[in-house]
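J.: Take the two lone chains, each set in its own frame, and fit them into one complex as the hints suggest.
Listed here are the chains, written in short residue letters.
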Amino acid sequence: MAEAIYDALGPALTRWTMGGAAAPVAPPAWAAHLGEDAGEAELRLLALSGQFLGVLVTPAPPEGLQPLPDVPALAMPALPETQRPLARRILRTVRDTGSRRDLLRFLAARGWTLHPGDWMPAASEEDVPDVYAPWRDWAEGSAIARPATGEQLTEQNWDDYWPAARNVALTALRRRDPAAAMALLAAKLGGESAEVRLRLVGLLATRLSDADRPFLESLAADRAPKVKALAAALLARLGHGSAVGEEAAELAGFFELQTKGLIRRTRVVAARQMKTPAQRSRRQALFEAVDLAGFARALDGTPEELIALWPWGEDRQADQALAGMAERSGSDALVAALHDLLLGLGTVDVPAMLTLAPRLDSAQRRAFALRVLRAGGGTFQMALAMTGGESLVDGAIDTIAGTALLGALKAEDAAKRADLTAELHALGLIASRGAAQASLERLASAGLLAADPRLDMLRLNAALEDGGNR
Amino acid sequence: MAIDLQAIERLATDQPSLKAAAGLAKPAKWSGIGASHDEALIWGECAGSGANPYRVMADLRDLGNKCTCPSRKFPCKHVLALLWLKAEAIVPFGAADTPDWVSDWLGRRRTGATAARPVTPGAPVAAKDVRAALEAEPEAPEDPKAAARREAASAKRAEDTERAILEALDALEQWIGDQLRLGLGAFVDNATARCRRIGARLVDGKAAMLAGRVDELPARLLALPSGDRARGAVIELGKLVLLARAFRAAPRDADIRRAVASAESREAVLGDPAALRLTATWEVLAEQVQTRRDGLVSQTTWLLNLGATGPRFAMLLDFFPASAGKRGSVFTPGEQFSGELIFYPGRMPLRALLLSRAQAETPAPDWPVPEAALPGMLSAPLRAEPWTIDVPVLLPGGRVAVDGTGRAWWRAAEGGMVLPVAGAAEGLIRGTDLTRAAAIWSGGRLDILAALTPWGRIGAHG
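Here the protein sequences line up with chains C and V, keeping their order.
If you read the first sequence in the working numbering, its first letter stands for residue 1, the second for the next number, and so on.
If you read the second sequence in the working numbering, its first letter stands for residue 1, the second for the next number, and so on.
Everything labelled a hint here was simulated from the structure, so no lab data went into it.
Wrong hints could be hidden among the right ones.
Said to hold, decoys possible - For each label pair, taking beta carbons as the anchor points, the in silico distance ranges come out as: (1) C:A463 <-> V:E426: 27 to 33 Å; (2) V:R383 <-> C:E63: 27 to 33 Å; (3) C:M1 <-> V:T362: 40 to 46 Å; (4) C:G19 <-> V:A249: 27 to 33 Å; (5) V:A274 <-> C:M1: 33 to 39 Å; (6) C:Q437 <-> V:A95: 15 to 21 Å; (7) V:L270 <-> C:R95: 21 to 27 Å; (8) V:A384 <-> C:Q437: 53 to 59 Å; (9) V:M209 <-> C:M1: 51 to 57 Å; (10) V:T362 <-> C:D340: 54 to 60 Å; (11) C:A411 <-> V:Q15: 26 to 32 Å; (12) V:P454 <-> C:L341: 51 to 57 Å.
Claimed, not checked - Computed, partial: chain C to chain V, Cβ under 10 Å: (13) D70; (14) R89; (15) P116; (16) L464.
No experiment lies behind these values; they were computed from the predicted model shown.
We treat Cβ as the ideally placed atom computed from N, Cα and C, and that holds for glycine.
Bound conformation, chain V alone (with noise of 0.2 Å):
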């Protein structure tokens, strides 16, 4: 089905989506383009400026669409870019099966209500022109005074910034100081509370992710059986205090600014020449979504380097509002690809942005042996970066045995090993080998992820 220019004219609402549209109808912007078998439908992802690329489709024949950018322009500047990189056959779009995140969108969509609108007659209309979006603004002269201004400006609020930031981190050790005082017991009794309060002084004192981390402190807690909270307590609350310490001793660690302050833009992380890129074969491990108290939703993608080289594990991770609604998976669990990833800088470098993304080679590579013992494997990252909550390990074979309460714990088929399991560990993976399994190490438990079995490849969370 034929897309013009003319009909993406009508369909923006404005010029500046036009020109927006128009920066973003290149091709190295997008991957997995494709068109269904019968040409009605577009897709494809584009990079935003989150982790994950959004995801974009459209209906070829009434140009209903749709784009898992948080925009709120309709249609938004990718939906545009997506329909101009057609119209205009500027890369293919090669007919392939309809992706599971499109026929969702199908099947939800009622016939007209992510259509086009019609423009209604008489009503005033915007001058838009798609030739003027293709053409190069003009650069203002540079006023050398105005951008010592800026700079300036710039400067005094970093510096503002990290006074605030080493305040609110002394208000935070005299909070934990009183924890200890008055008793972790109580602590773990009234955890909810104190942190909502120690987490509002961290928000005023612009130490953002770190008051995250205290909000979402009592849910870890309240995840660890009642004998072992006051342990956790311990963890938790020492953790802090390392970080604490860390940012003090090195405010502009780009790794501890992360974790107290927050993470830089993609386009720092794409010029940062430290920032560690690395195309390998990737699979998809698990995706997380979890509503924190901030009203922020988290969707962390779990990502397994099939490739013998870099860091064996990447994580993206995106925030969004609550009030967005509900965002469909980006990655299907399983799913493999061969991928650019450019990842945050640091010691142990994780968390990651995704570049591009391609077709995985054929056949499909096996799960690497873990390279390291498994204790080696949980506690470097803990020895690096002692304020870590979350540590990605691979695990050798194993199976998962219960004990006489019923909780379940994973045992090495080699070594003897046996560490506990977070949750149930119900269904399939409690009645068969694991001979590899992916997990998180968190609060002294591990959350499998996924496993390889005898009955083949295995997610744990559904």
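So that you can see chain C by itself, here it is in the shape it has in the complex (with noise of 0.2 Å):
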């Protein structure tokens, strides 16, 4: 019977899609029902048909209907169910992907995920922790199931693999096997896109060696500009850079050589005088064109000399900049040297030694940090942004940021606000737990509430055991 109904609906609807009375045409078993003014049995027929479709007929589902794979678990538990509520609030005012990513880098060192309920990666998220990488994958291929592997990557599977997956396996591979990674590499590279083969080529500054050096430098021939200037500056850290050219000695003829002390006569080099924004705005070019042993080399000199005579805390911006060109172009050794040169100087240069911040291992991020938060000045935003949430600090309020913190707590004005809450907000993210214990017992003797928002991030941070990974 229903089935008639519909069938016999179908004109009735066209006439009132078209406009027109659809009485006439009314399905049979209705038509007794309508009575006999026009007006009325188009507004019973109306009631008649939305009733019938609203109740009786629900759409069609197409052929061929595909459930979708599971969400895959995790190498690392999500949160337990009791920090979840604390985790999304922090969420809603962590709006920035650099925010987020720093959250979640602390919820990984911890051994920890967010939950699958509360937030997942898109596909195309690469700034997030490897433990993601299958939610990465699932979000890009969520409508084709493919086989988990957990076999070796080889050139023959490849294609097995859903991107995130390969680069984490590919990081893994190259860590315990350098050669092999970067035979596959060779093999495998010429058939991604360009932005696929940045990536992949950016995985070599990884145990980085002499062996590299020939497909670096077939790598000159690759289409993609980028790809070619990141051969060339690994090429550089190897030493092999291009010889000295006219950019190097452009660059190098901001500076010259002096000599200093009446006494003791050290030399060093010294930044010319600058006359106008555009020689500025040249030199910074040249500082990012240029790489470290070229510059070197023009200063007749090599990288490690020139590191030792520069004048740091002269010129923030050439000490920026030339940290840059190290971090680009410097050997391991020379990123090593220069990061403890920065460590010992008198004062913290931040910019420069965040410049350098990539080609530093978390153990010298982390000493970075600290000594951040041990002079003056230092902050524990200024901590974060070196360590990026993954080292945790003990006794971060103990330090003089920790003290200048409680201080301007005490003298709290409205126009402070921000600037404390992130401030608050980054010692939660960079204080180990009983550093952040600590810290919620000071911060309550200095007036804050338990209760305060500002203090979510030091309490999840509190509360959070080290996870099942450990």
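T.: Here is the structure:
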């Protein structure tokens, strides 16, 4: 009966859609109930049709409905249920991807991930800890199930891996067997897009050695300028940068070697006075184009001599630019030496060290973060910028930065409110669990209520056990 | 931290505020009373005229305070009453973890911005007296003639209102007939302008709820795939005809009147012996906040009855002006509580008022198993009240699947039933089994509110 009515309704619906009376073509089962008046008949038919369609008819699903694969479990457990409300509240306040990345790194460092009901990365979201790679791949290919593979990455199973999982596997392979990873890249790189090639070549920075030189030199023929530039920078790290070119000579022209001191004569590199903004701009552009070895040779020295003779602290912009040059094209040993040099300076050069940070390991970043916290003018936000949430600092509130924070809280006014919110959040991200607990006690003594939402990150930190992967 | 009645007296803006606060400073009016562990913050929920209680909070360090009621007095009577409860220790303020809504307020307030305003020296002080506020006012003797006049005027107003509504419904049916003659294809393309005109007529005819429904009709149509909109228009307009006819047949029926004109007042519901009262364990499924075309914001909270008796769902519905600004959420999705609700009388009770709530029992009860077959659960409310738009439903085990165009469908684990899902259903909800799901069936689509999964309970709305 319902089928017959449904079929018979078709003409009525067509008439109404186009405009016109549908009662004359009403389903026979209803015709007797529509009445004599034409207007009334239309309304009765409408009421019956609406009820029929709304109650007895549901849209038919198309053929080929595909259930999607399960969201995979990650290598680390999701936050305990008791911590999820606090984590959700923090997520609502960390709107930018950088702040969220810090939170994710903090949780991963403690052995936890966010619950997939609270947050999942997009497929394209690269700046998330590797532990989330399976979720990125699920988001990418959620319509198609691929068999999970735990095998070592090879040429044969390269295409069996989802992109994010493949990056993680390749990174692990590079750490374990650099030659095998390089051989794999050499075989498969040509079949990837420029963006992917750039990312994959970047992985060679891990355990870079002279064995990578032939492959890197072959990338001079890559069709993507960024891939070529990255390969050149990696070669420069190995000491095989380009000969002193015009640009290196031009950059050297902005500096000169001087001898300073009356009794102990020491050589230093001194910056020549720049007269115009155009000169300053040109110098900066040269810093970004020239490699460290080329610049040092143009000044008749080695990279090690250059950083030792450099007048650190006299020209902050030049300091940061040189650090950027070292980060891009300096050898691992030189970067380590520069880190030690910056760490030992009388004043803390945060921008220069931040520029160098991508080449530093977590112990080196942590050491500098502590230096910052113990120096006047250092803040927890600066320390967080160095560690990115991955290093956990004991005794954070007892540092000079902690004392400054406690003092600022006591003198709080509305204008400084936003600064303190960010500073408290940063403290929550870099403190160890014990340090977080101690910080909460000291902050309560300074007058902050335990319920103050600015303490959310500290509370989460203090409440979080070390996770299941430890 | 201590507070005394003199401080409350100073804080109050005038004597009527104190008087009103005295009336509210009674345990029966309050639920969820608590204090922070450091005793600096106190909070509670006070029954107001809406479905949801007002949330009231104060910082005893500086008497800063906040209430979610729409009063323009600062502090309002609810704040004064909360402080009164504390000052006189009328109820215990047990130490508890500070609720999110208090922390949120704490985070937003600038020190001093919501603190007690000091009295300006030299300014005339309005006479405020806490003792006087406590005295019951003598009742004026009833004048029988005045009472009779009031009743007659009230009856006349009711008659006039009913006549106005009936005339408005005539205009509505005329308008519907016009849409059929002009063509539903054109109606869908111009729905906003056409519905606004008839909506204004309905407002003039005192059919306010029906006007709001017509105002939102274009949005409901546009939420459908374009190929389904003409069919959707038949369903929506057909429901309007049914509702109009139902009102003509039974203009005093509370259910129908609520759908056409206005809901009963809180007092009327509380005083109605036919109103179902139910004490049960409830879980908050979701809260939906919608800004309407008429300048009101509707705040709908869906509750799931975890017990064995009574309606499976309850809906708390409040309206407030958009100009009042953003209101904080009253409940947290997933929250469970033991509470007494009173349902507006009806054939299928759903809309309710929250009378009281307390901590839920532990361990928390599981979601119940759906009592009836799914097709019946979807159609029964629509047979009882054919003009219904939203039907809450508890789904058995199933899973979201996608078609070739990426549209999401819910598929039952057993029985093969497949229903379209509203929206994209992104994230975890499309990548896991849904052991149970609570959804709203509306416009031929499922709007999933929450679900139980191997990952635990998840909300579909973030």
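J.: If a hint holds in the structure, say so; if it doesn't, say that too.
T.: These are the hints, each one checked on the structure:
Taking the beta carbon of each, A463 (chain C) and E426 (chain V) are about 30 Å apart, inside 27 to 33 Å as hinted. In this structure, R383 (chain V) and E63 (chain C) meet the distance hint of 27 to 33 Å, their C-beta atoms being roughly 31 Å apart. Our hint of 40 to 46 Å for M1 (chain C) and T362 (chain V) is violated, since their Cβ atoms are close to 52 Å apart. Hint check: G19 (chain C) to A249 (chain V), Cβ distance near 30 Å, so the stated range 27 to 33 Å holds.
Taken as a hint, the range 33 to 39 Å holds for the pair A274 (chain V) and M1 (chain C), whose Cβ atoms sit roughly 37 Å apart. Between Q437 (chain C) and A95 (chain V) the CB atoms are about 20 Å apart, so this pair conforms to the stated range of 15 to 21 Å. Under the hint 21 to 27 Å, the C-beta atoms of L270 (chain V) and R95 (chain C), about 43 Å apart, miss the expected range. Distance hint check for A384 (chain V) and Q437 (chain C): the Cβ-Cβ separation is about 57 Å, which falls inside the suggested range of 53 to 59 Å.
In this structure, M209 (chain V) and M1 (chain C) break the distance hint of 51 to 57 Å, their C-beta atoms being roughly 35 Å apart. A hinted range of 54 to 60 Å holds for the C-beta pair T362 (chain V) and D340 (chain C), which are about 56 Å apart. Between A411 (chain C) and Q15 (chain V) the beta carbon distance is about 40 Å. The supplied range of 26 to 32 Å is therefore violated. Our hint of 51 to 57 Å for P454 (chain V) and L341 (chain C) holds, since their Cβ atoms are close to 53 Å apart.
Nearest Cβ of chain V to the Cβ of D70 (chain C): about 6 Å, under the 10 Å cut. The hint holds. Among the interface hints, the one on R89 (chain C) holds; its C-beta lies about 7 Å from the nearest C-beta in chain V, closer than the 10 Å criterion. Using the Cβ-Cβ criterion of 10 Å, the hint placing P116 (chain C) at the interface with chain V is satisfied: the shortest such distance is roughly 4 Å. For the restraint placing L464 (chain C) at the interface with chain V, the shortest Cβ-Cβ distance is roughly 17 Å, beyond the 10 Å limit, so the hint is violated.
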